[in-house]
Amino acid sequence: MPTHENSSRRGFLRTAAYGTAAIAAPAVLAGCATQPAAPKARVAVVGGGWGGMGAARALVGENAGIEVTLVETNGRFMSCPMSTHFIAGHAPETQFQFGYDGLDRLGIRRITATVVDIDRAKKALVLGDGRRVDYDFLVLSPGIEYMEDAVAGYAQARALAPVGFRAFEQAAVKQQFDKFLAEGGEFVVTVPAQPYRCPPAPYERAFLLAELVKARRVKGKIIVLDENAAPMPPPISPAIMEAYNERYRGVTEYIPQAKLQAIDAGSRTIRTSVGDFKFSACNTVLPMRAPALIRKAGLGERWAAVKLPTFQSAADESIYVIGDSAGVPLPKSGHLAFETGSRVAAHIAGRVRGAPAAAPTGPADLPNAICWGWVARTEAFAINVGASLPAGGPPKLAFKVDPRGNAASGKGAHEWADTMWKAMLG
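Following the working numbering, the numbering of the sequence shown begins with 43 at its first residue and continues without gaps.
No lab work stands behind these hints, which were simulated from the structure alone.
Quick caveat: nothing in here was measured; it's all calculated off a predicted structure.
Treat the hints with caution; some may be incorrect.
[What the hints assert, rightly or not] Pairs of lysine-lysine, DSBU-like flavour, derived with a Cα cap of 30 Å: (1) Lys338 with Lys165; (2) Lys301 with Lys165; (3) Lys216 with Lys349; (4) Lys453 with Lys256; (5) Lys301 with Lys216; (6) Lys349 with Lys453.
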């Protein structure tokens, strides 16, 4: 990467580290009060991932008298970004798992439960056990679900062809890696059409497996069936194709425009628009959409309909939808979800304080994304995405991407992850 890009990335890392301290400070002071004032507003946050934690922490940091409740199904957090290293056997799963103690210390009310419905008329969440959580403002960051019904036979093949793009699901993909490394054969990775969570992820899984195949001299081949005509989005394609064509030539086979149509568990066959492929082991990355909660609440169909730059629901001004569930032409990445959560928190705090909406003076700045694509255990390519919203037009994205994987970006990825985890979890 050019020097100015590395400098920009280092600048972000420093800023994020300082931001953690700034967020924590008001909570410590608030804890000293013997009779806390009644909240000026109640904000419920659904989803304890990158976006949800970004919003919850920033809401506390706004010091605007907001009572924050975070509802998350899991009692712990697992980072999907960086978890490829667990799948490849380079790090234990526990390295990517964390408790929510830091949020608890901030005074955030945390509920471990699943939200099954949203009573928009009465502004309340309905939990799986029947409890209700009232809110004045709601931030939804529920992630994604897989469109299993788009692939015939997938329900019967689920155990043989795991996706592993949600927290705590990566172990199933690791089992497929381990099987292939022990037995050889054909390992198939499928890539859906955009949009889906973390665009580089299917390719990086193939590359980290290919590196192990070469090192262990496994008798087998990795076949990547990509529904797209080339790796997407286009700016990341050169770095990915360089790895296929040079680093892992003969170990991987990349097949574009191969739309996944069906899986036959009995014969271990994947049917695509360009033919059938046998597999010994498999990682199918299915098409994705927002969870059913979004549709049930009338907030969108495949993705939640939101208004930019505020990320307010197009159907309900008191609801914000962030992260991968939002139907916006921005990368579905953890970093962008975290930054969006912080911005939404500032917008909510402004409304609580009664601040007038700022009049637009030009293109609106949108959340940025920093992510990484791994091509080997210690080498990655950096992806920086800036975004803005011109008046009356669609978002404009500006990509800066390494032309190939390199050790400097691999080191930077680990530094970035450590900084982000600290910013989220304390």
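Q: Output the numbers, in ascending order, of every earlier hint that fails for this structure.
A: 2, 3 and 6
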